[in-house]
Every structure is written in C-alpha cells, then in structure tokens.
Amino acid sequence: MNIDNTASQMRKGVLEFCILSIIKLGEAYPSDIIDMMKSANLNILEGTLYPLLTRLKNAELLTYRWVESNSGPPRKYFSLTEKGAEFYNELETTWLELAGAVETITGKNK
Amino acid sequence: MKKVININFQGTIVPIEESSYELLQQYIESLRRHFANEEGKDEIINDIESRISELFQNRLKGGSTCITDDDVNAIINNMGRPEDFDEDDNIGDADNTKGQKTKSEKSESFSQSDWSWKGKRLYRDENNKILGGVCSGIAAYFGIDPVIVRIVFIISGIGFLAYILLWMFVPGSNMVENGARKRLYRNPDGKILGGVCSGIGSYFDVNPWLPRFIFLIPFITFIFRWGHFGPLTFPHFLSFSFSPGSFIIYIILWLVIPEANTTAEKLEMKGEKVDMNSIKNSVLKEMQEVGQRVGKMGKEMGEKMGKMGMEAGNMAKEKGADIGKEMHFAARRSSGVLGNIIVTIFKIFMYFILGCIALAIIVALFAVAIVAIGLFPLKDFVLTDGWQTVLAWGTLIFFIAVPVIGIITFIIRRFARVKTTNKLMRYSFTSLWILGIVCFVGLITSVARDFKTFSSLDEQVIPLQNPAVQSLEVVPFQNINYRRIGWFNLEPFGTFGTTDDTAFISNVRIRLIKSSTDSFQVTIVKMSNGNTRRYADTLKSLINFNVSQNDSLLMMDKAITINTTDKFRNQYVEATIAIPVGHHIRINKTFGYGNRVRFGGFWGGNEWYYYNNDNVNDYDFSYGIEYVMKDDGLYTLNGQKSDRNNSDWNDNSSDDNNTVTPPATNNESGYRYNQGKIDSLKDAQEKQIQKMQSTIDSTKSVREKEVQRLTDSLNKAKEEINQKIEKLKSTTFTQTHCQQKYPEGYSFIMHI
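Chains H and L supply the protein sequences, listed in that same order. All the letters of the first sequence, read from the start, carry residue numbers 1 to 110 under the numbering used here. All the letters of the second sequence, read from the start, carry residue numbers 1001 to 1752 under the numbering used here.
None of these hints come from the bench; they were simulated from the model. On a predicted model such as this, the values are computed, not experimentally measured, just so you know. You can take every hint at face value.
Residues on chain H that point at chain L, a partial pick, calculated with CB under 8 angstroms:
hint, residue
1, S31
2, G47
3, T48
4, T54
5, S71
So, partial list: chain H residues that the calculated Cβ filter (under 7 angstroms) puts toward chain L:
hint, residue
6, E46
7, Y50
8, N58
9, G72
Quick list of in silico lysine to any residue cross-link-like pairs, SDA-like style, CA-CA up to 25 angstroms:
hint, chain 1, residue 1, chain 2, residue 2
10, L, K1041, H, E60
11, L, K1514, L, K1589
12, H, K38, L, I1075
13, H, K57, L, E1043
14, H, K24, H, E68
15, L, K1041, H, N58
16, H, K57, H, T94
17, H, K38, L, N1046
18, H, K38, L, A1074
19, H, K83, L, E1038
20, H, K57, L, E1038
We treat Cβ as the ideally placed atom computed from N, Cα and C, and that holds for glycine.
Let's have the full structure, built from the sequences with the hints guiding it.
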C-alpha cells in the first residue's frame, strides 16, 4: 500500500465537492477557485482544474458566462445550474454522513 | 543573446523568446496528447491557453519586455505537467490501467474515458511493459489482456522484426506525457541517401554509421554469396538477410518516417539533452530489469495458460458479463443506448471487413510480385533487347513493386497515425504507377507484335528405315526425365533443365492417325510466330527436331530448344504418325511430362493445332500404353476404343465409309460393334429426317406468311379503292365540270 496513493485517492473524492461548494458561493473564475483552495491549504494544479470544470459543465452541473477582462482574453465565470445545486445537496448529505461516520470511528482511537 | 518572436496567442500579441516558444509549444502539445481521450479536449486546451495568455499579460504589464524561459517554466509549474496530473486527477491514465484489476474502478473509469474509438491512439504501454511495451499497448488499445497479445505474438511468430518496427513507430506512453519527447525523424542534416540511418542514429543516440552498417550487411554478404544465389532468388528476396529486402525496408522507412524540418522537430528527433542522460540511465536499468520481467512473464504466462484451460467456461461467462456491463456503460454515456451499441458493432464489423480487404489486396499484390519474379528468368527467352527489356523492368518496378510498397507504407502510416498529409508522395506514387501501367501496356503490345504473324506451314515426311515394322515404340533421344521440383516452381522453360542461354520447351505434339498404306509413316509440321511472315519462317526453319528409327524404336526429340538470340515465338512441332491397320504403337511415358508453352489467346487467335486436309482425324491416346490400330480406330490391347479428336463433318463422312464396307468379323465384340454402328446410323438418319422435316415446316410457314401478306395487301388495296370511289362520288356533286369533262372510269385512273 502506497501512502501517497491512498492520500491522493482521498483528496480526489472530495475535490468535486469542494469545487462545487466554492462555486455555490457565487460566480467564480478558475484562478479564484485555485486561490481559495490554496488558502484552505488544499493544493491543486490549474491543469487539473480545467478538465474537471469542463467535465462538470458537460454534465450540466455548471454553466458559465464570458466576462471581458482588461488583462488578456475574456474570462469564463462559472456558476451552478439547478441540477448542479441538487447534485451539491446530495454530495453534502453524503459528506456529512461520511464525515460523521469517520469521526465516530476514528474518534475511538483517540 | 536570444531571438524574440511575436506570437498571436489567444488573441493577444505576445513577444516571446524563440526557445521559450518551443518550450510552450511542446508543453501544449503534451497537454493535447494527455487529453486526447477527453470529451471536451479542445475546450480544455483553450481554457488553459487563455489562462496562460492572461499570465503572460500580467508578466508583460509587470514590466518585462518579453516572455522568457523562466516565465514559461514558472507558468508550467503552476499549471502542472501532464505527469503531475495523474496524482490529482481522478481519472488519470494510471488509474485506468490499475482499474483493469479491480472491477468497481474499472467500470467507473471505463464509463468516463476509455471506450471511445475516436481519438484513441496506439501507444506503447510503458507502465506494463516487458520489453518495449508493444504488446501491452496493443492490449490496452483493444481492451484485452496483454498476456493474450503476448501469447499471440509469440505463437504466431509475427516475430522480431514486426516487434522492432512497432517499437519504433508507436510512441511510448511516457515519452508522450513528458514535455520533451523523442520521435523518429529522418535527419536531413546528416543524410547520405534519405537520412533514414542518421535519423535512426539520433533516435537511438548512436553513431549513424551503426544503422548504416546494419543496412549494408546484406549487401556485403551479397558480394560473397553472389555465386550461390541468383540476383532475384526468391526465398531470400524479402528477408532482411538479402540485399533487396533491406533495400525495400529502407525505402519503406524513407517513405514512412517524416523528415525533421522545423527546429521543434529537430529537437524532438534528438530529445532534450537532459533527457539523453536519463534515457541512457533508464536503458541500463531496463537491461537489468528485462531479465526479471521476462522471468515474471514466463511464470505469469504459465499460470494464465493453466487458468485459461481450467476456467475457460467461467472466464467466458465473466467476460461476457463484463462486456455486457461495459457496453451498458458505454451506451449510457450518450443518450441513444441502442444506437450506440449498433454503431459500435457496426464499427467493429467495418474494421474487420476493411482489414480483410486490405489483407486480400496485400496478398494479391505479393502473389503478383512472386509470379512476376518467378517468371522473370523467362525474359531473356522472350523479350528482345532494348526497349522490351526496359519496359519489362519498368513493369516490374513501377507496375508491381510500387503499389506493394505504397500499400505497405499506407498501412504502417495508418497504424502509426503519421499525420503529415504528404500530397507530393501520393502524387508521385500515382504517377509512378501510371508510368508502370504505360510500361505494362507497352510491353504487352510490343510482345504481341512479335507474336503477330504465323509462319507458313509445310509438311515434311520423315523417311523411315523400316516402315513395315510390326510395332513401334516412340522414345525420346536421351532418357532425361527429371523435373526440377522446388517449393516455388514457376518456370515453364525449366522443365527439362536449362543452361544459361538455351531452354527446352516441350512444345511437341504427337498425333496418331490411321495409315492408308500398310506401313508406318511419320510427318512433321513445324510452326512459329513472329513479327513478320519472313521472320516467323526463319524461326520455323531454325527449329531443330530429330526423328530416327531403330528397328521398333522411333526416337524423337521431346522438346524444342530455344535460345536467347532467336527467342521464343510459340515454336511448335506436330509429329503425325500414321499407323497401318493391325500394327501396334506405344508412346513413351516421358512425352507426357512437361507443359506446353504458348503465348496467345487475346491477340494471336487459338490456332494451336494444324489440321492437314487428308480427312483423317487423329486419335486420343495415353502415354505409356500400347495401342493397336484396327480398321475403325485405335484400340488398347484390352479392347477399349480411344476417342477421336475431330469435328462433326469429318465424323459423318467416316461413318458413311464404314457402312459401305462393314467389317467381316464374326466374334461377339464385332457383332456388338456392328449393332452399335447400325444404331448410330439409325440415329443419324433420324436426325436427317428430323432436319428435313424441320426445313419443310419452316418453308411451309414461310409460304403461309407470304400468302397472308399478299391477301392482306390486296384487301388493303381493295379498301383504298372503295374509299376513292366514295370520294369521287362525293366530289361529283361539287365539281360538276369534272363529271362533264371525263367519264367516270377515266378520272379514277387519273387519281391513282
């Protein structure tokens, strides 16, 4: 068993949940998302974020609009769709259950 | 000092150092490859490019005059290289391969990325490799177990060369993901002929003379082995151990491998300097590991085989379920479940059919090539020097070899997905092939002209020492009776062995007829074709055909010699042996061997046999069996009658003769024979009667028709007359002066 592997598997599982929850706060630009995650000490490569966003968008969980930018090409601002909001709620329930369960189980070790 | 160029990057002008530009380009290319299987591939790349462009703008606004290597590297580190993605990415390629093992993961990853034909590329799977990762790459491409591919590879003996070729052409999965990767290019800078060897040299990081030497080995050995092999000895022709083989491989490589023209391509060709060390190290490491891996594979393979045997049924069931699941997932991805399945199945069928067609074409072309090569020794005996020889070579090279090479090249390029659409190459291939067609047509017409005319025919009676001998056996002069039997036997002239400039062709036909006298008689007729009558006659007179009698042996040449100066022009000898009634004849078996050779058919007509006008037909016979000539034909010793080679009208006339003088034999067979004859005569008469009847019938019907026609026309005339009378009657009222002037009958005649 590889510790890095297991850890990254764990991170992967919650990545989409985190991104959706950031976007839920309001329209977000990818580098904003990166910054926010960094500030929460959850490092993610930009190159990983873009395909993930595209996938979520293709799954109709996200939508975006173009915003002109004075530094470079226009930016894509992402926001949740209705479906995305539903999806997020489901994930949240799952997460809360999971977090509670994990807390209960691992708490016994302390 | 560095060169700065301006690029238009996502709609903004960016001044960038040239080396940084190369770096950026490589990075984006590596991303493109990484996301090749992704659905929104272009969009993702676009987003990333926009972001990079934005970062560039920030940098430039910060006071930089241009983008440098450091800037690009910093950005790339920020964005992450494709190989870094695997860690974070939840559906990276690494998971895919791992996913093969655990089912739940497999179906998940499957549903999202893997099962799409479009955009799928053949890579060598360097994560699961034994030697070069070719087999595991193929396995990943088709979604099957690599062990199976390996077993197939080893058992079918597709072999080493194919493996090496695939190793070279198929990009490795690791190479692709690194920003700097290595590709096989032809090196235009260090080239001697096509730059293939120097390209291979820089690819494998060796002195270009090493590949050159490998290519030259066959030529060097060729010089030493010249005595043992002809220039086109076939079994060695395609193998690498013989010069044409390596030459062809060189040409194919030349056509398949793109030339490194741009700086980026040249960098790719050599790989980066940093890479070179790492590659060397990794190669050394590989060498050690290969041994271990091979051992492991052997074990694994053994296990697999055992398992496969034991659990074949189980596995089939599981696989079936798996495939069902996979199909289900694949289908669920898009909306049309059934449609997708149908499309998938259809595609598989299409690939299968296309593969079959391609294979058939290749096999056919190879067959043509083999036949052409096999027939090539013929050339000296048929073709005149000069144009015809040139055309023959042109046909061989352009008409046959060019499409073979072209198709092989096409297929390899297809598999390697070489994207460069080289119009020049296609055009040159097509024009070379058209040249080949022209050569072929020219050759055919030119040869046809040489065969156009027939020689004059004259019979030559061979005087026999003792024509009244009781039985005659026809034997060849020398008892050479060997055939060259090789695995590849396509030499019509070689049947009796050839020397360098003479060949034997067994264009001799023996006819057996009934003699009108009571002694044997031998006549021969020689024939030839040629471009003019005179030349055909000359060739005819050059045919050397000997016959001589030695008691009961009639010695005869069984073949004609053809030499390279006089050429083969359908020379042909027909020897007619007239056998007197009651005498025996046997043709030695050796005359039955060998094939008659004849060019003709669509241009020469089919005058293969010469019929003399003696109204006597010849009899079929088998070689090596003794026959006896009787009044009514040729019989074997146990009383079987041989058929006649004949045409109808001759048959009838001889039948008539027989009825006039029936043979006076009283034994049973004679009776039966008589009965048969009478029956056949009856038949003939009946036929005759029928024929006459039918002619009578036909004349009858013709006459009836005639009568019918006459009556019809008469009736018509009658009607017309009536009508006219009617008319006249009506006109008499209006034109009274007419009636006054002429009598009725007169005006009627005038009208007619």
